[in-house]
Amino acid sequence: MSVGVLAAALVAAPSVTELDSAVTAVHRGGELMGVISFAASGALVAVRKRLDLFGMVVLACATALGGGIVRDLLIGRTPPAAFTDLTYLSASIVTALILYFIAPSRRLTKGPLEIADAIGLGLFCVTGTVIASSAGVGAPTAALLGMTTAIGGGVIRDVLSGEVPSVLRPDQDLYAIPALFGAAATATLLHFDVYAAWTGLLAAAGAVGFRLLARHYQWHAPLARHARD
Amino acid sequence: MSVGVLAAALVAAPSVTELDSAVTAVHRGGELMGVISFAASGALVAVRKRLDLFGMVVLACATALGGGIVRDLLIGRTPPAAFTDLTYLSASIVTALILYFIAPSRRLTKGPLEIADAIGLGLFCVTGTVIASSAGVGAPTAALLGMTTAIGGGVIRDVLSGEVPSVLRPDQDLYAIPALFGAAATATLLHFDVYAAWTGLLAAAGAVGFRLLARHYQWHAPLARHARD
Amino acid sequence: MSVGVLAAALVAAPSVTELDSAVTAVHRGGELMGVISFAASGALVAVRKRLDLFGMVVLACATALGGGIVRDLLIGRTPPAAFTDLTYLSASIVTALILYFIAPSRRLTKGPLEIADAIGLGLFCVTGTVIASSAGVGAPTAALLGMTTAIGGGVIRDVLSGEVPSVLRPDQDLYAIPALFGAAATATLLHFDVYAAWTGLLAAAGAVGFRLLARHYQWHAPLARHARD
Numbered sequence: 001m002s003v004g005v006l007a008a009a010l011v012a013a014p015s016v017t018e019l020d021s022a023v024t025a026v027h028r029g030g031e032l033m034g035v036i037s038f039a040a041s042g043a044l045v046a047v048r049k050r051l052d053l054f055g056m057v058v059l060a061c062a063t064a065l066g067g068g069i070v071r072d073l074l075i076g077r078t079p080p081a082a083f084t085d086l087t088y089l090s091a092s093i094v095t096a097l098i099l100y101f102i103a104p105s106r107r108l109t110k111g112p113l114e115i116a117d118a119i120g121l122g123l124f125c126v127t128g129t130v131i132a133s134s135a136g137v138g139a140p141t142a143a144l145l146g147m148t149t150a151i152g153g154g155v156i157r158d159v160l161s162g163e164v165p166s167v168l169r170p171d172q173d174l175y176a177i178p179a180l181f182g183a184a185a186t187a188t189l190l191h192f193d194v195y196a197a198w199t200g201l202l203a204a205a206g207a208v209g210f211r212l213l214a215r216h217y218q219w220h221a222p223l224a225r226h227a228r229d
Numbered sequence: 001m002s003v004g005v006l007a008a009a010l011v012a013a014p015s016v017t018e019l020d021s022a023v024t025a026v027h028r029g030g031e032l033m034g035v036i037s038f039a040a041s042g043a044l045v046a047v048r049k050r051l052d053l054f055g056m057v058v059l060a061c062a063t064a065l066g067g068g069i070v071r072d073l074l075i076g077r078t079p080p081a082a083f084t085d086l087t088y089l090s091a092s093i094v095t096a097l098i099l100y101f102i103a104p105s106r107r108l109t110k111g112p113l114e115i116a117d118a119i120g121l122g123l124f125c126v127t128g129t130v131i132a133s134s135a136g137v138g139a140p141t142a143a144l145l146g147m148t149t150a151i152g153g154g155v156i157r158d159v160l161s162g163e164v165p166s167v168l169r170p171d172q173d174l175y176a177i178p179a180l181f182g183a184a185a186t187a188t189l190l191h192f193d194v195y196a197a198w199t200g201l202l203a204a205a206g207a208v209g210f211r212l213l214a215r216h217y218q219w220h221a222p223l224a225r226h227a228r229d
Numbered sequence: 001m002s003v004g005v006l007a008a009a010l011v012a013a014p015s016v017t018e019l020d021s022a023v024t025a026v027h028r029g030g031e032l033m034g035v036i037s038f039a040a041s042g043a044l045v046a047v048r049k050r051l052d053l054f055g056m057v058v059l060a061c062a063t064a065l066g067g068g069i070v071r072d073l074l075i076g077r078t079p080p081a082a083f084t085d086l087t088y089l090s091a092s093i094v095t096a097l098i099l100y101f102i103a104p105s106r107r108l109t110k111g112p113l114e115i116a117d118a119i120g121l122g123l124f125c126v127t128g129t130v131i132a133s134s135a136g137v138g139a140p141t142a143a144l145l146g147m148t149t150a151i152g153g154g155v156i157r158d159v160l161s162g163e164v165p166s167v168l169r170p171d172q173d174l175y176a177i178p179a180l181f182g183a184a185a186t187a188t189l190l191h192f193d194v195y196a197a198w199t200g201l202l203a204a205a206g207a208v209g210f211r212l213l214a215r216h217y218q219w220h221a222p223l224a225r226h227a228r229d
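Chains as they are written, first to last, in the numbering used here: chain A, 1 to 229; chain B, 1 to 229; chain C, 1 to 229.
Rather than coming from a laboratory, the hints here were simulated on the basis of the structure.
When the alpha-carbon atoms are kept at most 30 Å apart in a straight line, the in silico DSSO-like pairs for lysine-lysine are as follows: (1) B:K49 to C:K110; (2) B:K110 to A:K49; (3) A:K49 to C:K49; (4) A:K110 to C:K49; (5) A:K49 to B:K49; (6) C:K49 to B:K49; (7) B:K110 to B:K49; (8) C:K49 to C:K110; (9) A:K110 to A:K49.
Below, a sample of chain C positions facing chain A; criterion: calculated Cβ distance under 8 Å: (10) A46; (11) R50; (12) L53; (13) F54; (14) G55; (15) M56; (16) V58; (17) T78; (18) P79; (19) T84; (20) L86; (21) Y100; (22) V159; (23) L160; (24) S161.
Ideal Cβ positions, reconstructed from N, Cα and C, are used throughout, including at glycine.
Hey, can you work out the whole structure from these sequences and the hints?
Below, the structure is given as structure tokens:
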């Protein structure tokens, strides 16, 4: 659907109102995809940690909604959207339940999940930056909050399951940097007033591509000296 | 005292103002009981983790006040009540000090503590829902925030002591579900405008009973598939 | 520089405006020193935990900015100063980068770092109390928030690196108590309207001295009974 909206935006030279609602539709669709893929990642961590169905649901919700909740707290939007618009909460719970009942093997889910996670990362860093910016903060602050939205849920997932956040671990390919890249691109688009559905999707696609390349070529941040010697 | 207030409310067909102050008294008494039992649970975890007196005090305060602080942040009530009304903070510190000096054996405290914890859970999910609702959020949001109030302190206690939150662990009997039950009942009462001291206490009693039954009969959420095979 | 400002404040019997700007300058200088020393402590923990450069930067920022972010959330100052005034964020990142490139040995950095950390602790508990107080909370609340500012970053650092917060561990010399002492002294000064650049610095110096004495003489809180027997 978001591709259709994008095509319409490109072809039809739409009015501002149409563009706004197109942007909104893209955001909703994008956030929903991000929520579902992050919820799946949380639920599968719960399976790996041998938690129960309730643990699957909670880790799914924390991963999918945690970044947005932190962002909303930081910009003073209370109660956070995750508590008032229950679409995302419901989507997270349903995702966890589906994974509970079909119980796919890790081998089958690894590839698709990592792509879904990359898409979630790309979409969340864009929508997070847009939402932070609409709260009136400056461009650098909006970009930082966009990155926080994208990586915050995963950090909460890892802290709750008793592990050092994967975003900090040296065996993790670049993850936060692609999110920061997408958020910074979005903040730049907003700053120069050229943000629209399709430029926003371009920024998201850039972040997704960056993340997938980092995974494929195993780009790492350099280890700290002490650990190298 | 709260029972006396409840009886008075039942017998005397009190005016709205009297009911309001009765509700307030029940809330204060209930929150205080919840605070003390949660503080005791935090302090005893500190003993088990071989922390010092300061660790006992901090874990007691975090367990007793953490859920309410998170709830207040989420509804934008800043600074949180725990920082402005120092009754609860003082009660937590005194509880930790008493447990430090009398140092009861684990065998003696296990049973009473679990009952106290269930009572705290039941009371917090009701008062948390009422407070969230009075901030103007809808019924489902209020119920979610009520559950968060009831289980949040325990999650913070476990994260600070370096463990996976007990609410997520598969060896834990149902804990969050009774809290959600009490919170949902309270939100329903509020929604249909029939919340009063005694209906609120009924909701709390339902949650407490549910929790104690879950403990006695060891009701668990089902394990994730992967872990069952 | 802050010493020069202090001297000027003492010598010149300055007007209220001059004093205010002197206080502000002391605060800025003090916060910056605190930020740098806390960032260094976070970055060195990342080295010890064998994280990569990105982990060093994130732990440096979390340690240096975490306490202030928590304080700002608790007093409803959103977005937190750490996200809007990027001086402190930049200082944290630069500190982590410098430590990455010079990679000093642990033996060389241990002593200076502990002194820097004590200075950060002393300055943060004072500035945190002043900022909380300026948000209109009472003196005890301001003192609690000041202590939270001073110790919060370290707690976040330890939780993110998968450890029980050092402030809770029994092998840790008194840390939060000196911070509470400095915060309470500051709140008292503010309450009696005798807070100024030099009295604030005295309170900070008292907290720093208390902390360094606690380290030198290994003052501990007493262990919980269970652990002593």
